[in-house]
Structures are given as structure tokens and as C-alpha cells.
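**Q** If you're matching them up, the sequences are chains A and B in order.
Its first residue numbered 1, the first sequence is counted upward by one per residue in the numbering used here.
Its first residue numbered 1, the second sequence is counted upward by one per residue in the numbering used here.
If you are wondering where the hints come from, they were derived from the structure by calculation, not from laboratory data.
One should not assume that every hint holds.
Stated by the list, open to error - Derived Cβ-Cβ restraints for the label pairs, each shown as a range:
{"id": "1", "chain 1": "A", "residue 1": "L20", "chain 2": "B", "residue 2": "G480", "range": "47 to 53 Å"}
{"id": "2", "chain 1": "B", "residue 1": "D349", "chain 2": "A", "residue 2": "T151", "range": "20 to 26 Å"}
{"id": "3", "chain 1": "B", "residue 1": "G99", "chain 2": "A", "residue 2": "Q297", "range": "33 to 39 Å"}
{"id": "4", "chain 1": "B", "residue 1": "Q518", "chain 2": "A", "residue 2": "E310", "range": "23 to 29 Å"}
{"id": "5", "chain 1": "B", "residue 1": "K463", "chain 2": "A", "residue 2": "K295", "range": "52 to 58 Å"}
{"id": "6", "chain 1": "B", "residue 1": "G556", "chain 2": "A", "residue 2": "P42", "range": "50 to 56 Å"}
{"id": "7", "chain 1": "B", "residue 1": "E206", "chain 2": "A", "residue 2": "Q297", "range": "51 to 57 Å"}
{"id": "8", "chain 1": "B", "residue 1": "V211", "chain 2": "A", "residue 2": "Q306", "range": "28 to 34 Å"}
All C-beta atoms, glycine included, are put in the ideal place defined by N, C-alpha and C.
Each chain, written out:
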Amino acid sequence: MNTIHFQMPTRLSGSPIAPLADADRKPLTKKEIAADHPTWCPGCGDFSVLALYFKLIERRKIFHEKVTTIAGIGCSSRFPYFVQAHGAHFIHGRALPFASGVSLSRPDLHVFAFSGDGDAFSIGGNHFNHTARKNIKMTLVVMDNWVYGLTKKQTSPTSPLGFKSKTDTWGAVDQPINPMKQAISAGATFVARTTHTNPNHVLQMMEAAMDHDGFSFIECLSECVEFYEGAFDASNPRKGGKFDLIPPTHDVTDEMAAYKLADEAFPGKFGIFYQVKRPTKNAREAQIQQAAQEKVQGQAPWQILQKSFERMR
Amino acid sequence: MSESVVATQSSGGHSKVSRVSEAVIRIAGNSQDGIQAIGGFLARLAGRSEQEVMTFMTIPSTISGGPSIFQVRIGSGEVLSAGDEADVLLAFYQHSYEGHLSSLRKGGIVLYDSDHVQPKPEWQGEYRHVGVPISSRTVEAIGGTAKDKGKNIFALGLVAKMFDLNVGKLEKLVSERFTGKDTSITQNALNAFHAGYSFQLDGLIETFRFVESQKRNNTQVVMNGNEAIGFGLIAAGVRFGAGYPITPWSDIMELLRRELPKYGGSFIQCEDEIASISMAIGASYAGGVAVTGSSGPGISLKTEALGWAIMAEMPLVVIDVQRGGPSTGMPTNVEQSDFNIACFGGHGDAPRVVVAPANVEDCFYTAIEAVNIARKYSTPVILLTDQAIATRIEAFEQPDLQRLTQNIAPDFAPVADHKPYDLAAPDGVTHHVPPGTRIASGVYPIVTGLEHDELGHPTGSPKMHQAMTDKRRKKLQALGRELPLPKVFGPSEGQVLLVGWGSTQGPIREAVEKARSQGEAMSALHLKYLNPLPEGLENIFAGFRHVFVVEMNDGGLYGHGQMAMLLRGRYCDPKIRGINKVDGLTWKVREILEATRAAVAKLGNGKA
Numbered sequence: 001m002n003t004i005h006f007q008m009p010t011r012l013s014g015s016p017i018a019p020l021a022d023a024d025r026k027p028l029t030k031k032e033i034a035a036d037h038p039t040w041c042p043g044c045g046d047f048s049v050l051a052l053y054f055k056l057i058e059r060r061k062i063f064h065e066k067v068t069t070i071a072g073i074g075c076s077s078r079f080p081y082f083v084q085a086h087g088a089h090f091i092h093g094r095a096l097p098f099a100s101g102v103s104l105s106r107p108d109l110h111v112f113a114f115s116g117d118g119d120a121f122s123i124g125g126n127h128f129n130h131t132a133r134k135n136i137k138m139t140l141v142v143m144d145n146w147v148y149g150l151t152k153k154q155t156s157p158t159s160p161l162g163f164k165s166k167t168d169t170w171g172a173v174d175q176p177i178n179p180m181k182q183a184i185s186a187g188a189t190f191v192a193r194t195t196h197t198n199p200n201h202v203l204q205m206m207e208a209a210m211d212h213d214g215f216s217f218i219e220c221l222s223e224c225v226e227f228y229e230g231a232f233d234a235s236n237p238r239k240g241g242k243f244d245l246i247p248p249t250h251d252v253t254d255e256m257a258a259y260k261l262a263d264e265a266f267p268g269k270f271g272i273f274y275q276v277k278r279p280t281k282n283a284r285e286a287q288i289q290q291a292a293q294e295k296v297q298g299q300a301p302w303q304i305l306q307k308s309f310e311r312m313r
Numbered sequence: 001m002s003e004s005v006v007a008t009q010s011s012g013g014h015s016k017v018s019r020v021s022e023a024v025i026r027i028a029g030n031s032q033d034g035i036q037a038i039g040g041f042l043a044r045l046a047g048r049s050e051q052e053v054m055t056f057m058t059i060p061s062t063i064s065g066g067p068s069i070f071q072v073r074i075g076s077g078e079v080l081s082a083g084d085e086a087d088v089l090l091a092f093y094q095h096s097y098e099g100h101l102s103s104l105r106k107g108g109i110v111l112y113d114s115d116h117v118q119p120k121p122e123w124q125g126e127y128r129h130v131g132v133p134i135s136s137r138t139v140e141a142i143g144g145t146a147k148d149k150g151k152n153i154f155a156l157g158l159v160a161k162m163f164d165l166n167v168g169k170l171e172k173l174v175s176e177r178f179t180g181k182d183t184s185i186t187q188n189a190l191n192a193f194h195a196g197y198s199f200q201l202d203g204l205i206e207t208f209r210f211v212e213s214q215k216r217n218n219t220q221v222v223m224n225g226n227e228a229i230g231f232g233l234i235a236a237g238v239r240f241g242a243g244y245p246i247t248p249w250s251d252i253m254e255l256l257r258r259e260l261p262k263y264g265g266s267f268i269q270c271e272d273e274i275a276s277i278s279m280a281i282g283a284s285y286a287g288g289v290a291v292t293g294s295s296g297p298g299i300s301l302k303t304e305a306l307g308w309a310i311m312a313e314m315p316l317v318v319i320d321v322q323r324g325g326p327s328t329g330m331p332t333n334v335e336q337s338d339f340n341i342a343c344f345g346g347h348g349d350a351p352r353v354v355v356a357p358a359n360v361e362d363c364f365y366t367a368i369e370a371v372n373i374a375r376k377y378s379t380p381v382i383l384l385t386d387q388a389i390a391t392r393i394e395a396f397e398q399p400d401l402q403r404l405t406q407n408i409a410p411d412f413a414p415v416a417d418h419k420p421y422d423l424a425a426p427d428g429v430t431h432h433v434p435p436g437t438r439i440a441s442g443v444y445p446i447v448t449g450l451e452h453d454e455l456g457h458p459t460g461s462p463k464m465h466q467a468m469t470d471k472r473r474k475k476l477q478a479l480g481r482e483l484p485l486p487k488v489f490g491p492s493e494g495q496v497l498l499v500g501w502g503s504t505q506g507p508i509r510e511a512v513e514k515a516r517s518q519g520e521a522m523s524a525l526h527l528k529y530l531n532p533l534p535e536g537l538e539n540i541f542a543g544f545r546h547v548f549v550v551e552m553n554d555g556g557l558y559g560h561g562q563m564a565m566l567l568r569g570r571y572c573d574p575k576i577r578g579i580n581k582v583d584g585l586t587w588k589v590r591e592i593l594e595a596t597r598a599a600v601a602k603l604g605n606g607k608a
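The shape of chain B in the complex, shown without the other chains (with noise of 0.2 Å):
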């Protein structure tokens, strides 16, 4: 509640109301206390009330149980992460107030479970203690064991009350909830809602009400990062898809196994993740672009189809839901270190396209341009998310769904005579007919994973092979021409430029508007764009006088994280440099700042 402005007395007289203009909110509990359910409350109560929101979870990895967290950050004006610390920690276990009270701001409040958790002397004077018998209070108000179910919207109760939120609202989204199920469900829910909503919070003085959000004319949508990707495919035209589950992907696939048979399309659960690209590009070869997609290990077992995709000209998409590695790593952590293999990985010269989205929003758009892109290139796009924006929650402006939704469907046409790799084609780059096709000469094309002549028969020429491999690469060079130059964030001269791509983007720009609030001359420059590489960045780079590239990848041998040295190969510029963490953690806006200054300061002031 870091702007908190205005004290005034609230009508009651002994507790004191103050607006702030953004709150953050971490529930701390076990997985399956539901505590997801609460964050989602209220992710979608501020979509509802046009305000901004960003949410941030971990959950174990566990089968059932173990330590979880949500954490929420509503907003009037632009949210842009999940926030470095909270201002209320909701506590349900020891273990949980004990693990989470360095996660509160100094002076924050604490609502602790009064049944489970035993508070510390020592940090009553720090943090503002509420100790509330959320387990108890919970039974009496909905009766029976019921083994803690309940207490989650017990707690959202409270914590409606605690900021003034709109009762009638979320009792509208309980019930949304609760549809389908016995009446006596979304009663039960609605009671324990009421008994946290009115419990006395003894020793708040506080309570808290959001200043009004701008007023949008445009309806709002909530929903997560994969929800997103998955809807955006659905958009594109894509209408076929498969498979094999891995944490944090299998969300996508089932959301595509659930919808695209509405229409007219499937997904398919396949034996193995080979299997499943296989698939895929089978689909693609008959006709549309098909998606598969994977995380971890998954995306490892994948890359000798790609390979095949990219020799074949094949276009495909593949999502890759990057989570810690190598090998079974951190599967429920975040990590940027599937950088290098969506770029690079597999054997042999296979250049592709990879693109990252910076957010959940951006899940959708990105989305629908890998469609385009692999279409319009035909080409395997790679679409580089991660477990962050994957599970996370955010409330953006309602696409235009008429105008977006593509209508890709194969075109079969006869055609006169057809050569998918023709040398003499504009930027070298191929179209295939699918099958089906009729091709009045007679003369068939196959596509082949060996190298090949214009018609897709194999070739030992040692000219074919340079002539197709220049096809290859070229036609991605035609793809980098077109692409977009990114604008930098702040002005495009000062001391530091802070690179990064995908997820990161929000806790970048919040760190430079925070180092400029405090007179350092720090930009931000945001790579959706990742391979191809859009023309003239170095344009961008001549302006600082150091250029930081913040990844969640680890350094490495030779000191800087994985896109640090594509560009720092790319542009041969040695004032490129990695900013790295690899903890499974999103960076804090604070964590950004300090490795950015002790840079600095180790280089010096002087050349860079």
C-alpha cells in the first residue's frame, strides 16, 4: 500500500479508513487449502472493477499437500508485478507465518489463523499482528468438520472487509463458482463469506478502501497465462493440436482438448512427446498449422522433429512453458533457461523463430502471431513462455474477438504445377499444397527430413545443399527485416539499458521507473522478437553506456546469461552484460535494482 494518501475517520469513529491506490496480498497456506481460490476471487473482483491486477503462486510439486502461496497486487493505476512485498500476509499455518513474515513490508499486517498459529514476540513490534480463529469460526458457521473447507472464503470475508471490497460482487463470484453444485454448496460458501465479512477484526485500527480506477469503456477479462496462449490459438484458426502432459504445459492442452472440438477441431493426448510433435507436424503437413508443446524435458525429447519441421519447411507451433532445469529440475519454479534450445537446439543448421510473450495478455496476441508468423513463413515459430506468466492471473481489456478469430483452413485448389522448395521463390520462402491437392501436371512433391531438390527428392549435391541451407536462413533474414523494432522504455539516451524478454518485463519497467523517480539514467528495452533478431538494435544499444540483459538463467561459463550472449555475439559489443538469477523466483523489482547498481559500481563511472 505503498501510496497510501488519505487518513479520514471512518462514520463508526474508532477505526480509521485510509485509500491506497494499490494493495498486495499474500495468502500463505497448504495446497490444497484452497488458497488459489481466494487469489482468483480476487484477481477477477478487480477485472470486474476495472482495476488492475496481478497475481503470483507457487504450489509444490508435490502429489497433494505441502506449503503454497498466492499472492495478489490490485491496483487503481498500472500494475506491472506481483509486488517485491506484501502489505498483508495471510497466514494460515506456523509454517506459513514463519516462512512468509519477511516477505511483509515493515509495519504490514499479519492475519494469522489464531487456531494453528503461535505469533513471536520478537515480531510483534515489527509487523501489525490480527489473530483471527479462522478454523474454528469456520466450523461454527457452516457446522460439521468438514476438515478446514471453508476457511478459504471464510478468510476472502475478511479480507473484504479488511479493504471495503464490493460484497456484492464477490458474492456473485462465489456463487459463479459454486454453479452446478448442490444449493447447499454455494450456501454453505456464501455463509462462511458472511461469518469472515462480519468477525470483529479486534486490533486492526485500519481498514483500507481503494481509490477509484480510471474509468474504462472496455469490459475486462481475467484469466491466466496458459488460459490465454490456449484461447489465442483457438483465435488464430488453429484447429488442431497434441500432446503428452508435463507440469506447467498440461493446462494448454487441456484447455484445447475441452475446446477445440466446439469447433470442429481436436487435441490429442499422445504416448510420448515425440509422438505428440509428430503428430502435429503431420497435421500441418495436411493442411493446417498445427500446435504442440511441452515444458522441461519435454521440449528436449521434441527437437529432432523440429529439425525435421525445419528442413521439411513445415509450419508449427510449439509452446514451450519454461520452468527450472536441466533434466526434472524445478518443474513448478520459473526459469528462462530454455533461451539457447528454443534458439538453437538440435543438430545441424535449423534456424527457426522464437517469440516471447511479456505478459498474459501478450500470451494472446503472441499466440495468434505464431500462427501467422510460421504460416505466412512456413516455418516451426517456438512460443517461449514460462511457469510465471503461465499460472499467474491478470485482468486485461476484452480482445475483439470478431475482428481477431482467422478462419486458416487448407485451401485445395487444383494448381498447375507445384515445387515446395523452389530456389527462385521471393525470399526463398516455401508454400506447401497439402494433400489433397490436385496438380494438373502430374508431377507430386514429397517433404523430406534429407536434404533435397526443388521437388522434395533427395540430393547428395554438395551446391543443393549450400543453395537450400541459404533458403533456409534467408527467408527467416526476410522475416527480421519485417520485424518491429522495440521502443525503449524511457528516454533512448542514458547511463544503463536494461535488456530482458518474456515474463520479465513488468519488474524491469518497475525498477527503471523507480531508478528515474530516484534520478538514475535507466531505460528499459523489452525483445519480444527473440530469432530472428529485429534490424537495428545496436542503434538502440549506442545509447547507453551500459546494456544489462535481466534473465532468469544462470550465467554460465563465460559470465553472462543466454541471451546476454546471443547479443553480445550478434553485436560483438562487450558493454553487453548478464544480470542473472536462477532461484526458480520471479525478480523483485528491489533484486533488479541492487544487481543493477553493484554493476555499475563495479565497473566504475568511467568506460564501460
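Bound conformation, chain A alone (with noise of 0.2 Å):
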């Protein structure tokens, strides 16, 4: 009985070349960053938040291994296809635990969960509340465009009332969900809110939220041309609405402040809502480990594993 048929398989995949430095690497430009061509529809707002991504990795110089680009299912989340860089299209709703996986095993790398309101509101609603609570290291960027757009126009958890859809022919009946009140109840430690009618705000709060050591949260607004247009011309100046910051006296530490003004009508207010420091579930995790591998120092894992199995005899 104790013989292993298959044992352990020597490595691996590629063929391993030498090692490259980095010293001389220059940082990439967006033709490098870019892949497929997206297929969003001509005038989505998902293309400006793309564009926005390529150019955070250009400013800040990061190579492509050392970024990950995790989505789940939407129009949104086919955004790893058109990064060239490390990606996974995972499935509906999932997005954040699978980039949890990545996050917690991996401290060298930048993830980056690209999501929209239905996969991440809806499908993907607990994710979102455990994650934030949990504080695991990483940046979600949610596009909403309120409305379900991969399917073609059917209510979506941040559709206003009385959006007609092909669910709701009559109009929207249910509350919609508030995704800064909800980031912040739930415990998010970064919540920030933009629109991708304006670049600049958007780079400022992508800089921003990859800057934070934590869980990190985005709602950026992004227009569906196909079945929603006009949504959001009220934050768009130029098709006659305002675009007002967070007035610079907001104390981002206080969370009554914080849901007040996530209370504004629409278009409300922009800007970082919410920011605290709290230790990370990364860091928790590598406290465990610490305090457990200082009892065990010097220790060859099979000489940890015996010992385990000397007080089993």
C-alpha cells in the first residue's frame, strides 16, 4: 500500500533561458502593454479605463510579469485579453477570491481585478463584502454602467428605478445598491469613485488606489452607447452636467463623512470617499506564518512533518 506511483514530475514548462536583468529594461510603452484589439462596442466607456491602465503601467514603470490582470464574466471582464500582460478571464462573480489566491500567495506582484456592477454587485455581492473585510491586497476596478450589457439590456443591481430593461419593460423596481455605502459598510479600506469621461481623474484614482495597502476599490462609471446611453450625462460637463470633486475638506478617515456623501442624488460627488489603514490579510497571514516558523526554525519541512507524526504514535 505505501508506494507512490507517481512521483513528484521534474519541471516544467518552456524551455528556462538564462536569467535577464532588469537593470537595463526600459519601461514598456502602450503598443507593449496592448493586446487584442477589444471588442467592446465603438463609444464604451470600458475603452477609456483600458487606455488609463496602460498608461498607469507606463507612468509607474511596471514590467509586464510583475502585473496581473484578474476579471470575472461581463463586457467589462473581457479586460485581461487586451492587457499584454499575466491575465485570467476566470468565471461569473469569482473574480475576487481567485484574485485572493493570487494576492495571498503571491506579495511581488500587482493584481488588478477588472469588474462591472452585475458581476460584481450581484453574482459576485459576497465576494465583495468579504473581501473588503478581509483587506487582501489588491485593486478592484468596477465599471458600472448600470445595466447588463454582455446580455443585451436586462436590470442590473445598480439600474436607478424605473429603468426599462428587457426585464423590466416597466421600469426598475428594486432599490438600487449604492456601491460606495456598501464598500464602505462592508469595510473596504480604499473607496473611490470616477468616471471615465475624465482621464485624468481616472488615473489619479487608479495611482491612488495601487498605492494603497489594502483592499482597494474603484467604481468607475462607464457608459453602455448600446443600452444605456445618456446614463451618466449628468457628471459629464461636456454634454452639460457637473463634475464636482470631494471638496479637499472631506477627512477621508471618517466614515459618517463618507456616507453622507455617497448619499448625494447623482451625480453626486468624486474623488477617494474613504481611506484608512488596516492591517492587511496579507500581513495577518504572514504573522501566522512567522510566529509558526519561529517555533520550527532550522527545521527541513519532513523534520516538522515527523515531529507532527512522533506525537501521533
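Reassemble the complex: the two chains are provided individually, in unrelated frames, and hints are given to aid placement.
**A** Structure follows, in C-alpha cells:
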């Protein structure tokens, strides 16, 4: 009985080459970061988010292999295919737990998850809450278009009351969720709001989110020109709306003030609603490992196992 | 004590000492009486005495209280099952006495707590009754009311006396158990033990002594199947896992949560079953072989993400500790009814690997194999165990940990270029490079659940879907060719071949031994690799007139169990038939023999 037919396979994939020095590497250009041409409809707000993600990688001089782009299902979630870097296109609603698995086992990577309102707040709503409360280090950008686009115009959890969709031909009747409030109450440590029509602001929020040590969440309004045209006109000065930044007097660590801001009627304010420092799950797990490993210092894994087996005799 | 051999007069002169090669002791009480602790002590003692041991327990699925049993079979020779009938029943309550007397063999000894049990006169002739005021004597020995605490240890003393067990070793075990607690607790336990040991067992005309077991050179370890899986995964090099609590899987996650940090790893308790498998897949993508697991409904919840891992060709180990189903079913009972979901569950054509351990020792080695197959073939592997192995304690030779412990840490050496889904790869086997790996060509792969091209980018090409489907199938067919053909237990030709998988191996072998000793031409075949199946099974089946697949699942609408249906379909052989039951309990040797004989009689001795 005590035999193993399958021995540990020797690795591995590809043909390893000699180590490459990073010293003489040039920062990536937009062309080097772009992969497939996006499948989004012309005029889709998601193009701007993608362009600004490229800009972020360019500007922060991140190399291909140091960033991982993860998404679930939806128009927005096609994102990883368009980025020339390691990435994963996972199942509907579960990008966050997948990204958590990457983040918790790989502190060396920048982990970005891109999601839509259906993916993040409906099918993936539970994961949104728990990833936020655990403060798992990553950035989540939800491209919120207030509608299910990929499946062609059904009501989404952020569709405003009265929005006429194929599943509510008479107008949406369910109270929409408020992503800012949802994130703050769930325990997210970085909560920001931006819109695709203001590229500089999007980039600014992405940079702040990336620098945040913890779960950083950005809601980026991203218009679906096909199924919800004009949804965000009121936030776009070019369409006669107004883009109001959160006043500099706002204390980002003040949870109640953040709630108040989040309560404002559309178009509301843009910027960082809430940001606090709290130990990440990553740091907590590392502490647990450190404490456990101190007790077994100098022992090889098989010796630690042996100790456990000695107690089972 | 089936093989009781010599009876000798003890030096005291008044009671007989019989030498036995094995004994089955069933302890029946309530779940909070600590009867599992008695069983655990006996099992560990057997392990330290180089004896074979196997246990069986049932626990109620209620939160606290309710009847519970622990059965331990200790033997000087090979012990294959927990035993059909008990030689000794230790009954704490009237319901334990009345409910379990039928599990005692005729002439067996029932040792009952006379403070709680009123023996029935009509049973006194058939079973030897020995009443001991266990509750009051325990209180006498250790003081206080203590609400029956300690009576399990008192009873352990009684059993030790009855079987002339090694007192020194038991004292040591009891002391070890309470290490770190107040010394008065240890002292109380030892007092209870000695009170039991020195109690005059009036009415017991016989005590027993185990015949010397063959000396083994190796140290034995004693653990249950869930522990063996947990430690096996650690030895295999698994450093990340994620799970959600559900019985009887939870022990594995608790063990990994506690142990993995020592090795620099983590086990994460997630918000739900779906998050658990998703997180594990994420960690596998990041370069390891991660583990998740569950039981019953939790496995159903994981199937969508499992399909992704099959499509994206990610290594992953999924532990399925089977319990009674469907739905919430029977959480603390055993069943083998997840065979189909393990092998085929999910939408689409989604081939995956399924392996099943045969006993506790095998759990350790199978866990290592599951990891190695997952890694070698870049595929999810389902390790299909069950509640019976999960909770039973066995003693086995300590594995050679220095030799077996693996390091599977990812390698981030840069590569020139990389196509994860290379159609020209030998046998279609994918190997991913984890994120963090620099690819000199500047072209990076995506892993995805959409049908994809060789770089992982979506494609709607009919040709590509066929080619990629072929690829995912072919690699597991290659694995099938690599699998060892199992050996027939018994002669390779005969009238009946009993086929089994998983935890039924022990009772099936014992049934075969019994049948052969009675002149029946019966053999057994145990399958460990369930999907893909090893090649050449048809040659084994050809040697027998009847092939019965003995399973703990229902015969279903078409009259055969879940594995039987696969074997019938795979080999187009109508002589393959199912022998099934779903009473939530392990197969008794007698039940297997009766069902087999009935099936043979029904089919007639002529043609199959």
C-alpha cells in the first residue's frame, strides 16, 4: 500500500533561459502593453479605463510579469485579453476570490481585478463584502454602467428605479445598491469614485488605489452606449452635467462623512470617499506564518512533519 | 475474538485467561461521554504495541448529545475491517444496551453501567452480562458530581483489566492526552483509570490476552483518514488551501489551517464553497498546487469553478469526503454516492482525474499522488474519500518522511516564449508559467474558461474547439496508459470477482478470504484510479463468470451502482452488475457475502 506510482514530476514548461537583467530594461510603451483589440462597442466607456490602465503601467514603470489582471464575466471583464501581461478570465462573479488566491500567495505581484456592476455586486456580491472586510491587498475597478450589457439590456443591481430594461419593461422596481456605501460598510479600506469621461481623474484614482496597502475599490462610471446611452450625462460637463470633486476639507478617515457624501443624489461627488489604514489579510497571514515558523526554526519540512508524526504514535 | 485458541488457568486460579488474536470492542454511549477518547486510547495503544487496529464510529449530527458509538478492532494479524460483530459491548445507558446488543456476537460479553442499565432477563442466557456501577464508582474515585466526567477513563481501566492491556503504556497515553492541563486533571484521570482497573469484575469468568504480534521493525503511527490526507498534502508540498466548514471535511481544513503556517503556507477559511475553490484555483495559477475540499452539497457548489479549472487546465486538488446524500442528506454517515459527480459533475465535456484511497494509510500516499498527477498533467484531481475513512483510526507504518517530502515551489526562470495551450505539446499536456515569469518574446498568456487558442485568447473557431477538446481528453487518456493495472486479490480466475473502490477494500477482502476458506471461487479487485481507468481491466474481468461491483450507493433507476454503470458502459459487458446498499453504514463482511451469494443464486450457475 505504501507506494507512490506518481513521483514528483520534474519541471517544467517552456524552455528556461538565462536570467535577464532588469537594469537595462526600458519602461514599457503603450504598444507593448496592448494585446488583443478590444471587442467592446465603439464609444464604450471601458475603452477609456483600459487606456488609463496602460498609462498607469507605463507611468509606474511596471514590467509585464509583475502585474496580473484578473476578471470575471461581463463586458468589462474581457479586460485581461486586451492587456499584454499575465492574466486570467475567470467565472462570473468570482474574480475576487481568484484574485485573493493570487494576492495571498504572491506578495511580489500587483493584482488588479476588473469587474462590472453585475459581476461585482450581484452574482459576486458576497465576495465583494468579504474581500473588503478581510482587506486583501489588490485593486478592484468596477466599471459600472447600470445595466447588463453582454447579455443585452437586463436590469442590473445598480440600475436606477424606473430604468426600462428587457427584464423590467415597465421600469426597474428594485432599490439599486449604492456601491460607495456598500464598500464602506463592508470594511473596504480605500473607496473611490470616478468616471470614464474624466481620464486624468481615473488615472489619479488608479494610482492612489495601487499605492494603497489593502483592498482598494474604485467605482468607475462607464457608459454603455448601446443599452444605456446618456446614463451619466449629468456627470459630464461636455454634456451639460457637472463633475464635482470631493471638497479638500473632507476627512477620508471619517466613515460618517463618507456615508453622507455617498448619499448625495446623482451625479454626486468624485474622488476618494474613504481611506483608512488597517492591517491587510496578507500581513496577518504573514504574521501567523512567522510566529509558527519561529517555533520550527532550522528544521526542514520533513523534520517538522516528523515531529507531528511523533505525537501520533 | 473469533480465533480464541488456548485457555489456561491464571495464577489466581479462579478466572480463565484466554489467548486471542483479535477482539472487537464496541463502546456505546452518548456523544459527550468521551467514548471516542476510549477508542482513541485503545487504538493508540494497539499502534504502540505493534498490533493492527481499525476503528469505526458513528456520531449524531446533532450539536450536542445523542447516541454515539465507537468500535475498535484490535488484532495481532492483519485487520481489514472494523468487524461485523462485537466480542465486547460496553454500554453506558439503557438505550446503548438495547440498541447495540444485537451487534454483539452470541456468547459475547456485555459490560454495562449498572447505575443506568437494567438488563433484560430474556437476554441473559445469550450474552454474558457483567454489571459495573461505572458512574458511582467513578464519582467515588475522583470525587465531585462531575456529571459523569471521567467514567470513560474508568471504563478504559475495566477494558484494560479484561484484556490484560499494558498498564504502563496506557498510563502514559492518558497522561499525554492531558499534557498542558492542570496536573490535578491528569491525576484525576489516572485515579479513574486505576479504580476501573482494580475493580473486581464479579461474574466475569474469563479475561483475555492478545497473542504476541509479529515484531515489526518500524514505528507505527495512529491517525484517522482526514489527518492522513492533511499530512499527505503537506508532504506533497502543498502550501495553500482554501475551504468552508462542512462535515466531515472540516477536520482537514482545521488541520491545514493549523499546520501550514509552520511550512510558510496558508489555509484560508472563505465566505463560501465557491470562493474556496476559486481562491485555491487562483493560488494554483500563481504557481503552486493548491487544495480545496468539501462534502455533500459543498461539492455541488464547486462544480462550476471546477469546470473552469478543467478548461483552463489548472492543477488543483479537490478533496471530497463523501457523506450520505443528496442535499443535506446524512451528514455523519458514509456513502459512495459522489462517484458520478466526481467523475462527471458539471456542464460540458469536462474530463478530470479521480482517485480514491482504500484506507487511512492510503490516504497519506494518495494525497501525494493526487498532487503529483495534478502537477504532471496540469489538471484538477479529485481525491474521493468518505466519512468512514475520514473518522476511523488506524495504525500504520510511519512513512519515510525524509524521502517522501517534496518541494514543489514554483520556478520563475524567464522563458523565451510560451504557449500554454500548445496543441503540439506531447500528449497535449499543458504547463503554465506562473505570473512573475518574464517571457522574453513579450507575448503573455491568458488563462480562461472561454474556448481559446494556444495563447489562451478566445476563439469561436469550430476547428479549435474540437482540437482543444481533443487535447483536454488526450492528456487524460495518456494518464490512463500510465496507470498501473491493479492486482487481483486471490486467483485471477474463478466464479466471482468483487470489484470495489475506496473504503470498501477491507471488508471486501475479508469477505473474499472467508468465501475462499469455505471453498468458493471468489476474488476481489480494488480500483484506486477511478477516472481515467487503467487500461486492461477487461482482461481481468474475462477470468470470472460474474463481476459484482460492491458499492455504498443506490442501484438507481437502471439497477446498477455508479461505478458499475461506468464499467458496464466502458466494457460493454453485461456480466458486470452492482451490489449496492445505502444504509449510511460501512459494509459488513456478512452483508457482502449474503448479497453476493444471493446474486449468484439468482443468476444461476449456468451462463452469466
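**Q** Among the hints numbered above, which are violated by the structure, and what are their numbers in rising order?
**A** Of the numbered hints, 1, 3, 4 do not hold.
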